[in-house]
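Line by line, the protein sequences give chains A and B.
Following full-length UniProt numbering, the numbering of the first sequence begins with 1 at its first residue and continues without gaps.
Following full-length UniProt numbering, the numbering of the second sequence begins with 1 at its first residue and continues without gaps.
Read the hints as simulated data drawn from the structure, not as lab findings.
Keep in mind the model is a prediction, meaning the values are calculated, not measured.
Ideal placement from N, C-alpha and C gives every residue a C-beta, glycine not left out.
The reader is advised that the hints may include incorrect statements.
As the list claims (entries may be wrong) - Partial list, derived from the structure: chain A residues whose beta carbon lies under 8 Å from chain B: (1) R37; (2) N193; (3) Q320.
To be verified - Far from chain B, by Cβ distances over 10 Å, these chain A residues were calculated: (4) L70; (5) T136; (6) R246; (7) E366.
As the list claims (entries may be wrong) - Ranges between beta-carbon positions, derived for each pair: (8) A:E295 with B:G193: 52 to 58 Å; (9) B:M1 with A:E58: 40 to 46 Å; (10) A:K65 with B:P136: 30 to 36 Å; (11) B:P242 with A:D57: 27 to 33 Å; (12) B:P242 with A:L424: 47 to 53 Å; (13) B:E253 with A:T187: 38 to 44 Å; (14) B:E253 with A:A362: 56 to 62 Å.
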Amino acid sequence: MTDSVHREERTTGAEGVLITSADLAGGGVRGDDPDIRGKFGVFGGRYVPEALIPALDEVAAEYEKAKTDLGFIREFDHLLRTYAGRPTTITEVPRFAEQAGGARLLLKREDLTHTGAHKINNVLGQALLTKRLGKTRVIAETGAGQHGVATATAAALMGLECVIYMGAVDCERQALNVARMKLLGATVVPVTNGSQTLKDAINEAFRDWVTNVDRTHYLFGTVAGPHPFPEIVRDFARIIGVEARRQVLELTGRLPDAVAAAVGGGSNAIGIFHAFLDDENVQLHGYEAGGRGAENGEHALTLTKGSIGVLHGSRTYVLQDEEGQTIESHSISAGLDYPGVGPEHAWLKDSGRAVYHGVTDAEAMEAFSLLARTEGIIPAIESSHALAGALKLGRELGPEATILVNLSGRGDKDMGTAMKYFNL
Amino acid sequence: MTTLQTVFEKARAENRSALVGYLPAGFPSKDGAVAAATAMVEAGCDVIEIGLPYSDPLMDGPTIQDAVHRSLLNGTRISDVMRTVEGVAASGAATLVMTYWNPVDRYGAERFARDLASAGGAGTITPDLTPEESGPWLAASKEAGIDTVFLVAPSSPDERISRVASCCTGFVYAASLMGVTGARESVGSAAEGLVKRTRSHTSLPVCVGLGVGNGRQAAEVAAYADGVIVGSAFIRRLLDAPDEKTGLAEVRELAYELARGVRR
Chain A
1 MTDSVHREER TTGAEGVLIT SADLAGGGVR GDDPDIRGKF GVFGGRYVPE ALIPALDEVA
61 AEYEKAKTDL GFIREFDHLL RTYAGRPTTI TEVPRFAEQA GGARLLLKRE DLTHTGAHKI
121 NNVLGQALLT KRLGKTRVIA ETGAGQHGVA TATAAALMGL ECVIYMGAVD CERQALNVAR
181 MKLLGATVVP VTNGSQTLKD AINEAFRDWV TNVDRTHYLF GTVAGPHPFP EIVRDFARII
241 GVEARRQVLE LTGRLPDAVA AAVGGGSNAI GIFHAFLDDE NVQLHGYEAG GRGAENGEHA
301 LTLTKGSIGV LHGSRTYVLQ DEEGQTIESH SISAGLDYPG VGPEHAWLKD SGRAVYHGVT
361 DAEAMEAFSL LARTEGIIPA IESSHALAGA LKLGRELGPE ATILVNLSGR GDKDMGTAMK
421 YFNL
Chain B
1 MTTLQTVFEK ARAENRSALV GYLPAGFPSK DGAVAAATAM VEAGCDVIEI GLPYSDPLMD
61 GPTIQDAVHR SLLNGTRISD VMRTVEGVAA SGAATLVMTY WNPVDRYGAE RFARDLASAG
121 GAGTITPDLT PEESGPWLAA SKEAGIDTVF LVAPSSPDER ISRVASCCTG FVYAASLMGV
181 TGARESVGSA AEGLVKRTRS HTSLPVCVGL GVGNGRQAAE VAAYADGVIV GSAFIRRLLD
241 APDEKTGLAE VRELAYELAR GVRR
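Please take these sequences and the hints and turn them into a complete structure.
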């Protein structure tokens, strides 16, 4: 195990993460920060136009203050409890687990939060930060529309102007979420350049930010992008793992043998992994979108098939050709359809602390339908990648194993895809 | 090879600002880019920036995005960029490559610097490479004997300007406004102040880019900057022309107008 090395590296410059009441209730674990330049080992950093550096510095400085400010922490805590619906429960799924070699499967129910996905944790934290920064407008990118809906929700709650950039292709395949964002008072801008998907929406959001930075916060949706976004988004998402760790201990009397999560940009996975980083005997497994299969090139296997490069302001694993041009990803799940990944995942992969695998569209859709039929829970297709991974992992680890799975979102938004896929 | 130092010395001797023109390699075609850049030099551009087309140009506005997208569809590769530099450098202009960082990172910093120097390139402009991450690139460029140009922006506080300028050789690129590339009605009012602030941290020439599109604006900027950078306005001419030949004539016409501007 390379964990001791890993631990040593990631404490460089550490000043600790944001500690919520959930940490305190659970006897919280020590957190870790990227170093002063926002590096996780060789990953992370800032590769952005100089014009944005002052804004990133401003966000980083304000967050440093906020995370130890009791007033800020209380407000965030309060919103998580009374608005987002935390803590979310864990649910044991024995009928589903019959297909997992008899291993015990526990689902962390982020699907039960307000707006139906883990994204709400991050947006509430960043919307509060936006107000502290004295800014009145938020912008965000969205792929499936979940982060867009969550951002529009937080903006409505806090009276912020909200503009969402969404690839024109995604606008079409997620029309329902476009309508939700509009109803919440956001302006949705379809992005028609490049591949017209999530990566182009991020490019366009950066262009808006550099133009309107004096009154605008870029409410970044995942643990990728330039420093300090990977750290901030992780800190607002890590309550998932903090709660789950305590809940599993209470239910089973011990820690799980493994934690499983889907990885696109990686925020739900970091959110549930982070509280377990120091628990050396707990395996961490991330599942990327294998799309139509690794062989034919139509996938989003950034960590498992990609190479190290720079995308959207951060050094990380990227799907790119031999000249550094980004290769378009493919997944049946719009939320995992991204050719980059958060730098902390790149680091966890290289240090060996977490292991990453691919799950194909077909495997994910099978798990999607199996959970619905055996447990009465319709998961998001994103989360179904983690479920499919957990089925395989259970068969490997055997009937004595307990696996905690992050059910990061609910599947209502995916009904159109499901109808087509299963001929419903 | 013409160096940036020679260019600015010559311009200073003529009591004028230098004119810098931008075009992406492979646009409007591989040979068309060399022809257009050569026309720009013949009409008065002192420096040419050849853009290295990249799939995710997050600093660029719609005009350059469009040109770069077409160039990539034409199959432009880094070897084509180097050939373009070779062709343009032959015209006598100091020739730079403007590139996002990832293609250089992937190609290998040392190899890129070496190949660019052999093609007759004078240096690079790297809009998303921050001083913090620039160590390997500065070393490779120094080794290959090419210049490194970085950007400052109106939002940059003095300590950032000082830090960025200390990484620059050749000149410092001052972005005239907060925003992406593209011609605008007026050049940002922040530009003059930024040039002044930059000068207090460096003895290098300071050139202004973003938003300059005609002779009047070029004259306005030339009054306070050592160089005037124009990109999108040239590309607009090529995009709007019915064929390459007409586009070439339009580009030459615009370069004349701008060259008169920097001499006013």
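Each hint, compared with the structure:
1. With a cut of 8 Å, the hint placing A:R37 at the interface with chain B holds, because the nearest CB-to-CB distance is about 5 Å.
2. Interface hint status for A:N193: upheld, as the beta-carbon distance to the closest one in chain B is roughly 6 Å, under 8 Å.
3. Given the 8 Å rule on beta carbons, the hint for A:Q320 holds: about 7 Å separates it from the nearest Cβ of chain B.
4. At roughly 30 Å from the closest C-beta of chain B, the C-beta of A:L70 stays outside 10 Å, upholding its exclusion from the interface.
5. Look at A:T136: its CB is around 17 Å from the nearest CB on chain B, clear of 10 Å, so calling it non-interface holds up.
6. With a least CB separation of 38 Å from chain B, A:R246 remains clear of the 10 Å interface cut-off, as annotated.
7. Consistency note on A:E366: stated as away from chain B, and its beta-carbon is indeed over 10 Å from all of that chain's, at 33 Å minimum.
8. Here the CB-CB span from A:E295 to B:G193 is close to 57 Å, well matched to the stated 52 to 58 Å.
9. B:M1 and A:E58 have their C-beta atoms about 42 Å apart, which keeps the hinted 40 to 46 Å range intact.
10. Range check, A:K65 to B:P136: Cβ separation about 34 Å, and the 30 to 36 Å hint holds.
11. In this structure, B:P242 and A:D57 break the distance hint of 27 to 33 Å, their C-beta atoms being roughly 48 Å apart.
12. Checked against the given bound of 47 to 53 Å, the beta carbons of B:P242 and A:L424, roughly 52 Å apart, stay inside it.
13. The supplied range of 38 to 44 Å is met by B:E253 and A:T187, whose beta-carbon atoms lie about 40 Å from each other.
14. For B:E253 and A:A362, the Cβ-Cβ distance of about 58 Å falls inside the hinted range of 56 to 62 Å, so the restraint holds.
Hint 11 from the earlier list is the only one contradicted by this structure; the remaining hints agree with it.
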